[in-house]
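Chemist: One line per chain: the protein sequences are C and W, in this order.
According to numbering that gives the first Met the number 0, the first sequence is numbered sequentially starting from 0.
According to numbering that gives the first Met the number 0, the second sequence is numbered sequentially starting from 0.
There could be a bad hint or two in this list.
Derived DSS-like pairs: lysine-lysine, alpha-carbon spacing no greater than 27 Å straight-line [to be verified]: (1) Lys22(W) x Lys36(C); (2) Lys66(C) x Lys22(W); (3) Lys22(W) x Lys163(C); (4) Lys21(C) x Lys22(W); (5) Lys2(W) x Lys24(C).
Each pair of labels, with its calculated beta carbon distance range [said to hold, decoys possible]: (6) Pro20(W) x Thr76(C): 26 to 34 Å; (7) Asn1(W) x Val98(C): 47 to 55 Å; (8) Lys74(W) x Gly81(C): 21 to 29 Å; (9) Lys163(C) x Asn4(W): 18 to 26 Å; (10) Asp25(W) x Lys94(C): 21 to 29 Å; (11) Gly81(C) x Pro28(W): 48 to 56 Å; (12) Asn31(W) x Lys94(C): 27 to 35 Å; (13) Ile31(C) x Asn1(W): 34 to 42 Å; (14) Asn96(C) x Met0(W): 41 to 49 Å; (15) Thr76(C) x Asn1(W): 19 to 27 Å; (16) Glu3(W) x Ser143(C): 39 to 47 Å; (17) Asp52(W) x Val28(C): 42 to 50 Å.
Non-contacting residues of chain W with respect to chain C, defined by C-beta distances greater than 10 Å in every case (computed) [to be verified]: (18) Ile12; (19) Lys14; (20) Asp45; (21) Glu64; (22) Gln65; (23) Met66; (24) Lys74; (25) Lys79.
By construction, these hints were calculated from the structure, which means they are not laboratory data.
Ideal placement from N, C-alpha and C gives every residue a C-beta, glycine not left out.
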Amino acid sequence: MLGNDLVFFENTSNNESRLARKFEKLFHVNEIRLKEKYFTSQDYSILWSIKETAYKAIQRRFNLPMKLNPHQFQLATFSKIGNTIRSEVLFNNIKLNIVSIVNHQFVYSYMGKNLIHYFNFDVFYFFSAKIDLSVASLLPSEISKDLSGFPFIVQNDIFFPTSKTHDKNFTAYCWELE
Amino acid sequence: MNKENLQERLIEIIKPYVSSPDKLLDVTPETNFISDLEINSAHLVDVILDIEDAFDIRIENEEMEQMTNVGASIKVIQSKI
Numbered sequence: 000m001l002g003n004d005l006v007f008f009e010n011t012s013n014n015e016s017r018l019a020r021k022f023e024k025l026f027h028v029n030e031i032r033l034k035e036k037y038f039t040s041q042d043y044s045i046l047w048s049i050k051e052t053a054y055k056a057i058q059r060r061f062n063l064p065m066k067l068n069p070h071q072f073q074l075a076t077f078s079k080i081g082n083t084i085r086s087e088v089l090f091n092n093i094k095l096n097i098v099s100i101v102n103h104q105f106v107y108s109y110m111g112k113n114l115i116h117y118f119n120f121d122v123f124y125f126f127s128a129k130i131d132l133s134v135a136s137l138l139p140s141e142i143s144k145d146l147s148g149f150p151f152i153v154q155n156d157i158f159f160p161t162s163k164t165h166d167k168n169f170t171a172y173c174w175e176l177e
Numbered sequence: 000m001n002k003e004n005l006q007e008r009l010i011e012i013i014k015p016y017v018s019s020p021d022k023l024l025d026v027t028p029e030t031n032f033i034s035d036l037e038i039n040s041a042h043l044v045d046v047i048l049d050i051e052d053a054f055d056i057r058i059e060n061e062e063m064e065q066m067t068n069v070g071a072s073i074k075v076i077q078s079k080i
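Chain W on its own, in the form it takes in the complex (with noise of 0.2 Å):
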């Protein structure tokens, strides 16, 4: 799977925690999760569980930590399948 397909899916992951649509209309690999889109740290671990879920992967604690904005996570999700 490549990045623009992983990015696409990784959307439809975070869609249900963030506030306003509008914010996922301009996502790029430096869209900051917290900063940028506002996902609060409880939903940011629904966010790592939902991706876990989606590419059947397990995310360890210090993949966990990297994963901050849109370009990390899809690094960490790319390693793993």
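With the rest of the complex left out, here is chain C (with noise of 0.2 Å):
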């Protein structure tokens, strides 16, 4: 299980050995090292947003049992052109290629568009509460709430399980495209 609660990683981990105890647990020492190629920040939304969007895809398309077993997917290529990432994480035998776009106000990850046996899913995690309009533009106009809580939106007339989290300065994203 991968949730957007990426956001709470920061405010519950004000160690730095705990910290880097609690990566370990959610990341393989070579996602790490293929991230780090390419961004020397701290940050690590990008490869949560990679291993969340194969995970949700995978979950939906096998309605497989939540658990906590993020090195089940794992990132095996990397690769970063301008603003673009495209990746390709591995679950046992099945291959799924992931588009990021990554700048300085969000990063965005979806599953490769012709991958047709798989649920489509896309996770946006933005770094400012505050998002410009050109941004904003990307995302669903409206996110309601079904009567059992639950957040979906609309487009062309389906229902899109959607979901949402806020913390102080992030928010996060994530909806099934088909």
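Join the two chains into one complex using the hints; note that each chain is given alone, in its own frame.
Modeler: Now the structure itself:
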């Protein structure tokens, strides 16, 4: 289970060795190495969003029980051209191609749209509560809640389950595309 | 340490990450961390780290996957102490 509650990382980890242990539980050392080749900052939201997108697509496709198994979703390749990252995540023998767009305001990851065998899943992390108009246009216009309180969006008269988490200066959205 | 004692210690560990203390009143081995106690995934990692610290053990990734409820977690802890 990889939720978009990444936003709580900083708040709960006020000590460096604990934070290191936490990352060890979530990421393989090779994943961290791949990420650090392109990004020197300590920001792991890029890695998290890639793995979360793969996890959610697989979880929905196979209706797997929720469990804490981030190491089963292994980032195998990672390449960056401009603001676009193309990565491949392995789950057992399944390869999942994830595309991410990263800039100073957000990281946005989604499943390759040609992979029709799996549910497409979009994950959107914002680094700031203040979103400029060009970014805002990428978001669904309105998130509503059903009678059980679960958020959803409507696109072309179709309902898509959605989740939204926010904490101080950070907002995370994710939604299923089909 | 018997299962009851382990369950009590485990409840103490998970308490800070549970939104409402009422959720801990009827904990059974089947109580699920995610669906019953509504512990988010980031905090679930905290629970794992706190268990490691409290029992001075190391929980491997494969074991972490199994620890979705109280009973399964007690089983993993018991196998290590």
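Chemist: If a hint holds in the structure, say so; if it doesn't, say that too.
Modeler: How the hints compare with the structure:
no.	hint	result
1	Lys22(W) x Lys36(C)	violated, 44 Å
2	Lys66(C) x Lys22(W)	holds, 20 Å
3	Lys22(W) x Lys163(C)	holds, 24 Å
4	Lys21(C) x Lys22(W)	holds, 25 Å
5	Lys2(W) x Lys24(C)	holds, 26 Å
6	Pro20(W) x Thr76(C): 26 to 34 Å	violated, 46 Å
7	Asn1(W) x Val98(C): 47 to 55 Å	holds, 52 Å
8	Lys74(W) x Gly81(C): 21 to 29 Å	violated, 49 Å
9	Lys163(C) x Asn4(W): 18 to 26 Å	violated, 40 Å
10	Asp25(W) x Lys94(C): 21 to 29 Å	violated, 44 Å
11	Gly81(C) x Pro28(W): 48 to 56 Å	holds, 52 Å
12	Asn31(W) x Lys94(C): 27 to 35 Å	holds, 31 Å
13	Ile31(C) x Asn1(W): 34 to 42 Å	holds, 40 Å
14	Asn96(C) x Met0(W): 41 to 49 Å	holds, 47 Å
15	Thr76(C) x Asn1(W): 19 to 27 Å	violated, 49 Å
16	Glu3(W) x Ser143(C): 39 to 47 Å	holds, 45 Å
17	Asp52(W) x Val28(C): 42 to 50 Å	violated, 22 Å
18	Ile12	holds, 14 Å
19	Lys14	holds, 15 Å
20	Asp45	violated, 6 Å
21	Glu64	violated, 4 Å
22	Gln65	violated, 8 Å
23	Met66	violated, 7 Å
24	Lys74	holds, 15 Å
25	Lys79	holds, 16 Å
Hints 1, 6, 8, 9, 10, 15, 17, 20, 21, 22 and 23 from the list above are not met by this structure, while the remaining hints are.
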